[in-house]
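Here is what each chain is made of, one letter per residue.
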Amino acid sequence: MTQETSGGIKPKHQRLVLILLAVGALIGASLLAMVALQDQASYFYVPEDIEANPPEPGQAIRLGGMVETGSIQTAADGVTTEFVVHDGIARVPVTYTGILPDLFVENSGVVADGRMDANGVFVADQLLAKHDENYTPRELEEMTAEQMRAELQESVE
Amino acid sequence: MIPELGLAALWLAAALAALQLLAGFVGTRSGNAAFAALARPAATLQAFLCIIAFCALLYVFAVTDLSVQLVATNSHSLKPMIFKLSGAWGNHEGSMLLWVTVMAMAGGLIALIERRLPEKTMMATLCAQAFVALGFYAFLLLSSNPFERLAEVPPEGNGLNPLLQDIGLAFHPPTLYIGYVGLSVAFSFAVAALLTRNVTPDFARVMRPWVLGAWIFLTVGITAGSYWAYYELGWGGWWFWDPVENASLMPWLAATALLHSASVLAARDALRTWTIMLGVIAFSMSMLGTFLVRSGILTSVHAFAVDPERGSFILALLTLYIGGALVLFALRANTIAEGERFAVMSREGALVVNNVGLTAILGVVLLGTLYPLLTEAFDVRVSVGPPYFNPVSAIFFLPMLLVLMVGPLLRWKRDDFTRVRKPVAIALAVTIVIIIRAVFWDGIGLLPLLGLGLAAGVAIASLAPLQGRSLRRTPLAIWGMCIAHFGIAVALFGMAADTAFQKERLVAVSVGDTVEVGAWTGRLDSVNAVAGPNWTAMQANMHLSYDGGPELEAHPQSRNFWAPVMETSEVALLTRWNGQLYVAVGSQGEDGRWQLRLWWKPFVTFIWYGGLLIALGGVLSLIGRVRSDLRRRRGEADDSEEIADAAPEPEPEAQPA
Numbered sequence: 194m195t196q197e198t199s200g201g202i203k204p205k206h207q208r209l210v211l212i213l214l215a216v217g218a219l220i221g222a223s224l225l226a227m228v229a230l231q232d233q234a235s236y237f238y239v240p241e242d243i244e245a246n247p248p249e250p251g252q253a254i255r256l257g258g259m260v261e262t263g264s265i266q267t268a269a270d271g272v273t274t275e276f277v278v279h280d281g282i283a284r285v286p287v288t289y290t291g292i293l294p295d296l297f298v299e300n301s302g303v304v305a306d307g308r309m310d311a312n313g314v315f316v317a318d319q320l321l322a323k324h325d326e327n328y329t330p331r332e333l334e335e336m337t338a339e340q341m342r343a344e345l346q347e348s349v350e
Numbered sequence: 012m013i014p015e016l017g018l019a020a021l022w023l024a025a026a027l028a029a030l031q032l033l034a035g036f037v038g039t040r041s042g043n044a045a046f047a048a049l050a051r052p053a054a055t056l057q058a059f060l061c062i063i064a065f066c067a068l069l070y071v072f073a074v075t076d077l078s079v080q081l082v083a084t085n086s087h088s089l090k091p092m093i094f095k096l097s098g099a100w101g102n103h104e105g106s107m108l109l110w111v112t113v114m115a116m117a118g119g120l121i122a123l124i125e126r127r128l129p130e131k132t133m134m135a136t137l138c139a140q141a142f143v144a145l146g147f148y149a150f151l152l153l154s155s156n157p158f159e160r161l162a163e164v165p166p167e168g169n170g171l172n173p174l175l176q177d178i179g180l181a182f183h184p185p186t187l188y189i190g191y192v193g194l195s196v197a198f199s200f201a202v203a204a205l206l207t208r209n210v211t212p213d214f215a216r217v218m219r220p221w222v223l224g225a226w227i228f229l230t231v232g233i234t235a236g237s238y239w240a241y242y243e244l245g246w247g248g249w250w251f252w253d254p255v256e257n258a259s260l261m262p263w264l265a266a267t268a269l270l271h272s273a274s275v276l277a278a279r280d281a282l283r284t285w286t287i288m289l290g291v292i293a294f295s296m297s298m299l300g301t302f303l304v305r306s307g308i309l310t311s312v313h314a315f316a317v318d319p320e321r322g323s324f325i326l327a328l329l330t331l332y333i334g335g336a337l338v339l340f341a342l343r344a345n346t347i348a349e350g351e352r353f354a355v356m357s358r359e360g361a362l363v364v365n366n367v368g369l370t371a372i373l374g375v376v377l378l379g380t381l382y383p384l385l386t387e388a389f390d391v392r393v394s395v396g397p398p399y400f401n402p403v404s405a406i407f408f409l410p411m412l413l414v415l416m417v418g419p420l421l422r423w424k425r426d427d428f429t430r431v432r433k434p435v436a437i438a439l440a441v442t443i444v445i446i447i448r449a450v451f452w453d454g455i456g457l458l459p460l461l462g463l464g465l466a467a468g469v470a471i472a473s474l475a476p477l478q479g480r481s482l483r484r485t486p487l488a489i490w491g492m493c494i495a496h497f498g499i500a501v502a503l504f505g506m507a508a509d510t511a512f513q514k515e516r517l518v519a520v521s522v523g524d525t526v527e528v529g530a531w532t533g534r535l536d537s538v539n540a541v542a543g544p545n546w547t548a549m550q551a552n553m554h555l556s557y558d559g560g561p562e563l564e565a566h567p568q569s570r571n572f573w574a575p576v577m578e579t580s581e582v583a584l585l586t587r588w589n590g591q592l593y594v595a596v597g598s599q600g601e602d603g604r605w606q607l608r609l610w611w612k613p614f615v616t617f618i619w620y621g622g623l624l625i626a627l628g629g630v631l632s633l634i635g636r637v638r639s640d641l642r643r644r645r646g647e648a649d650d651s652e653e654i655a656d657a658a659p660e661p662e663p664e665a666q667p668a
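Protein chains in written order, with my numbering: chain A, 194 to 350; chain B, 12 to 668.
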């Protein structure tokens, strides 16, 4: 072929340029993704972790634990709920504004998306509670298992 | 008797797939034409048998035959008929049968009607299709038999997850599956092209309608799924970056890239290797999605069964097919001769940007979806959501939109930017004016701001290719392209407008109280109990009016299903041309007040209109391509622009290395 079509690039290099472009973009995307994931992935905490190694206020995290018996209180506006999540070792106060999931009850497991505020209160954007007997958030499943183990241990001791 | 008939049909179909593989392989190798001729009827008959098996499953669900395990665990005699039928694929085994059936139908269809490819490539395609199908038959028959009988017949079934008892479910999964599995055809074509070293513009022309068809279904499926999540989950969002949503988005991204690169290959005989690669990747993403969704490693409403054996089975299939195809690609890629060259400023150049951008977004979504699984291997549990996906994918998406304004106006091979300066300048000017105007709106985020501006610019630029054409003589494929690109602008506008301007109100009110959100004022008239066939609900009865207009009724419900026991929120939607009011009712507080959540979502409906426009563009383009192909077969002149400005027919290629 005798065309001179590659806009300044030597024709025989065009394929190479295209490959480099594609590989470069993909590597760039991957690096960018990895950096962003380090920053933006929200880590799973139990109350013990929060006490031992408190996350930055404002950083998105996921908190899991048991709802403490007798701790659920509705604020005057009728839509804000305050309660305490514990794991048998530490306790974290939580505030949530919104419609509660239906199976959100005392002494059962809960996973909340949100962030700590400056006063050490966890502000939840969303509560994931059990939807039905077959559909359980993954962390919650393991949380109840851990809880079971802890309880068993306590009863043995 | 009927379940056994279905099972027998499945086994026979699997045997035919084996025959198809053998006939295609031996026939091609040894040149035994009589034996090779068996491959086509084997594929067609297989499709027929799978349809019988699928109808058998529909039948046992319709009559609630509780002696079948799948029916007993997933259905209930009191369910409405439509949900009995849709329940047939609302579970693991049934959905895998649907997968296999669609795959067999796709294979049968290419065997039946595809006559444009060289016979050798065609045989290799049928071989590849049969090879992939065999793995999924094995999976279905050995580890997920949908027709398994129970020794003891239970008095009643367990029922279906109420979230899935929705009319959306009747159509959403079959649509997505046709899209997912339709891409297997592209995969088989790509593998066949590698095997026979036959990558030509003709090959791309043959592959394109199949990809286009699958892509249309994927587009509709994703759009419908987004709307389903929006009104059924009661959170008012239209995209959650849920792993399952990502699993459907990834094949779509790959298929979109494939469509565009196949156009380059068909029209200009360039991007050969890349097109083959995308063909492999698109269906690989479908299989990966199935693995993520069905293996139970992700928990969601879509993960029907947490069964490690099944997970490993699918993982093995995945490794075999994706790994095998990639190895084949690596071995053969350098034997594909380089295609035609083109200048940077050309239609091809713009499409390369499209392809690289889509692939980069695919990579970003893939990494974000798999990251929690990777970290969990190190016992660190994380979740990845919008704070990651939105900005990182936008970095690649926004520049693509700029190129989208220019690309469709450019000529193939090489062009001069000054020729298209005017329409591009207008589109850019509108974009900039809107962005400058919008900066002064309070509290608007960066992404919605750019989204609004670019949506306007892309809307104008997407219609520019029609300018100066006689609209009646414009080929359908051009109309398809313009409408699909316009659909992107419409959807983008909906997303940006909803994100920027939505108003939310969360209140606890007593009966008789009024509530305001945006321009809406409403009153809670009463709350009463209502009952359905398999649920009871508390229903809030409200009257609402927009900006002092006529009063409209809304009846959001909080539903309790009893088989299985579960509560769901049935939201009320009031749709206007400029947006939607979304009302959900929560529980009653101790003081007797009811929780209400109201959103005014300006132009949110444009998101789904846009999705449908994108699909419509695909449909038009498909009709145009098929028509011009039929015409070409009859030997008439062709009106598609492809022939008009395509390069001269390429020399026969495929020089072995």
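Simulated from the structure, these hints should not be mistaken for lab results.
Just so it is clear, CB atoms sit at the ideal spot from N, CA and C, and this is done for glycine as well.
Keep in mind that the hints are not guaranteed to be accurate.
Stretch-level coverage of chain B by chain A, calculated; a stretch enters the list once three of its residues show a Cβ under 8 Å from a Cβ in chain A [to be verified]:
no., segment
1, 370-382
2, 392-403
Below, a sample of chain A positions facing chain B; criterion: calculated Cβ distance under 8 Å [to be verified]:
no., residue
3, L211
4, L214
5, A215
6, L219
7, A229
8, S235
9, S264
10, I265
11, G271
12, A283
13, P286
14, T288
Status of each hint after checking the structure:
Here the segment 370-382 of chain B counts 8 residues with a CB under 8 Å from a CB of chain A, which clears the bar of 3, and the coverage holds. Only when three residues or more bring their CB closer than 8 Å to a CB of chain A does the claim for the segment 392-403 of chain B stand; here the count is 9, and the claim holds. For A:L211, the suggested interface contact is upheld, since its CB lies about 7 Å from the closest CB of chain B, less than 8 Å. Look at A:L214: its Cβ gets to within about 6 Å of chain B, closer than 8 Å, so that hint holds up.
Hint status for A:A215: holds, given a least beta-carbon distance of 6 Å to chain B, under 8 Å. For the restraint placing A:L219 at the interface with chain B, the shortest Cβ-Cβ distance is roughly 6 Å, inside the 8 Å limit, so the hint holds. Among the interface hints, the one on A:A229 holds; its C-beta lies about 5 Å from the nearest C-beta in chain B, closer than the 8 Å criterion. With its C-beta approaching chain B no nearer than about 5 Å, A:S235 sits inside the 8 Å limit, and its interface hint holds.
Among the interface hints, the one on A:S264 is violated; its C-beta lies about 15 Å from the nearest C-beta in chain B, farther than the 8 Å criterion. Look at A:I265: its Cβ only gets to about 11 Å from chain B, farther than 8 Å, so that hint breaks. Because the closest C-beta pair between A:G271 and chain B is about 2 Å apart, less than 8 Å, the hint holds. Contact between A:A283 and chain B, as hinted, is not supported at the beta carbon level, the nearest pair being about 18 Å apart and thus beyond 8 Å.
A cut of 8 Å between beta carbons decides the hint on A:P286: the least distance to chain B is about 20 Å, and the hint is violated. A cut of 8 Å between beta carbons decides the hint on A:T288: the least distance to chain B is about 14 Å, and the hint is violated.
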